[in-house]
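Chains as they are written, first to last, in numbering that gives the first Met the number 0: chain A, 0 to 242; chain B, 0 to 254.
Hints may contain errors.
Cut-off 25 Å, straight-line C-alpha distance, at most; resulting in silico cross-link-like pairs (PhoX-like, lysine-lysine) [unchecked claim]: (1) B:K246 to B:K149; (2) B:K151 to A:K180; (3) A:K10 to A:K36; (4) A:K210 to B:K149.
To be clear about the criterion: a stretch of chain B counts as covered by chain A if any three or more of its residues have a C-beta under 8 Å from a C-beta of chain A, and this derived list gives those stretches [as the list claims (entries may be wrong)]: (5) 71 to 85; (6) 111 to 119.
If you are wondering where the hints come from, they were derived from the structure by calculation, not from laboratory data. Because the structure is a prediction, the values reported are computed rather than measured. By construction, the Cβ of each residue, glycine as well, lies at the ideal position given by its N, Cα and C atoms.
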Amino acid sequence: MPHKKLRIETKNRVGYILLDAGSRFNKLSITTIRELKRAFAQLEEDVKTNVIVLSGYPGESFAVGADIGQMVHFSPNDAFHFAELGQSLFEQIESCPKPVIAALNGITMGGGCDLAMSCDIRLASESLRIGHSGAKLGIITGFCGTHKLPRIVGKNYAREIFMTSEIYSAAEALQMGLADKVFHENEFWQKISCFAERIASHELTALSAAKRLINAAEDTDLRTGCLLERETATHVNVIQQIV
Amino acid sequence: MPEKYCTIQSKLNGITIMTVPGNRNASAKDILESIRHQANALSSKNEIMGVLLAGPASGFCCCRIEDSATTRDAAALSAFGQQVMFLLEKIGKPCIAAIEGECSGLGLEVALACDFIVASRAASFGFPGIAAGLIPFCGGSQRLARLVGKSKTKELIYSGNLIDAEEAHRIGLINRLHAEGETLALAEELLAHICTRSPNAIRIGGEVVNAGYDIDLQTACMLERDAFALCFSSFDQREGMQAFLDKRTPQFKGE
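Bound-form chain A, shown alone (with noise of 0.2 Å):
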């Protein structure tokens, strides 16, 4: 099945989904999450693919939450199916084997904030402006979001940011630890795939172990957490002195 909301590219080990809902904002419609869902599967499934960049590169927006005109008329019930939907993408992302990496080109915004962060590292273009609005549209984000930013940012910027609903710059982003590294518009392409084909270029079993155990690290105590590793790196190690 062809996707109408985003197409793939694959080059060099890197996959790259790129985000073109054929208008000035990617907004997160079911579709366009079901769409996201199938091409993640697709790249995880794919053995040339070690790496997943996710970006909403060349056109000005990364993602945006859902269309204003829909939700206006969501029931409890339509929003409570809605950001089922929306986490399970982001479990999947999360747990996907793969480091993927968001390729942050412009207006981020609501859910598109929260896609950005269920992925593993955040670099971002000079354009960048990201937010959350959910308090100027009466409603909080159902996308993993109050507790995503929190955890990246600290809880007091996280208040902040949901508060104001205000749209912050890459520097001020790059200053929250929202965004990992900023780019100049006109070399942020390059950049990003450069990045990618870096990590790309080292073996997955160890780049999916990594991701597994960074991950886990938030929610285990530190002893269950240091067995965890003690385990996998006594496997992962043992695998590539063999090959």
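Fit chain B to the known structure of chain A by using the hints.
Structure of chain B alone, referenced to chain A:
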């Protein structure tokens, strides 16, 4: 009267400024009692939209350090202090600490219980109690470690040194850094801006952030999903989204 240590100024725009300079002769218990008293009064008033805790240049929540307390007294003071901080956290309205001068000891404990801190370049932060053999007792060790990490928290508590506002900004203790003398006005402007947003979404969002921070991510996300669905039975959701579509300013009711 315990409330004498706090000055309350309620404005027409729904913002209440609570100034707590404290008093070097007041006990921590008296200062905490006055904060408890005011926080209770503020949280029950619907016309109050946001709270600004102001730390003047003279210092924030200064108090006398008790040196003759028994173990039992110390335990009771800690339990009471922690209870007051939780009360402040659950006030149900946006609450910003605006710090102009020294914010140390009890002052830092109170600032850490606010939603976030903004400060002047002249501000300083720390837990100097160690010089008298004291450690934070109102949850400060836990809140600070969660905010800036364990290493920095240990450095501050072990050394008792105060850090300047620039360092506080760099480590994420304060969200915004302002020129000397401008903090209170700019913080009030920011709070007034926040108060134009949906009080309902801000309250639910704040509670979900707090409740979800110390539990596993999956359970936290379930909590968020249900709170998100709840928003879609509110007036604020219909008004906020309709206003967005009509390209007008929403008129929220907080219900």
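Now for the hints, and whether the structure bears them out:
no. : hint             : in the structure
1   : B:K246 to B:K149 : violated, 46 Å
2   : B:K151 to A:K180 : holds, 23 Å
3   : A:K10 to A:K36   : holds, 21 Å
4   : A:K210 to B:K149 : holds, 23 Å
5   : 71 to 85         : violated (count 0)
6   : 111 to 119       : holds (count 3)
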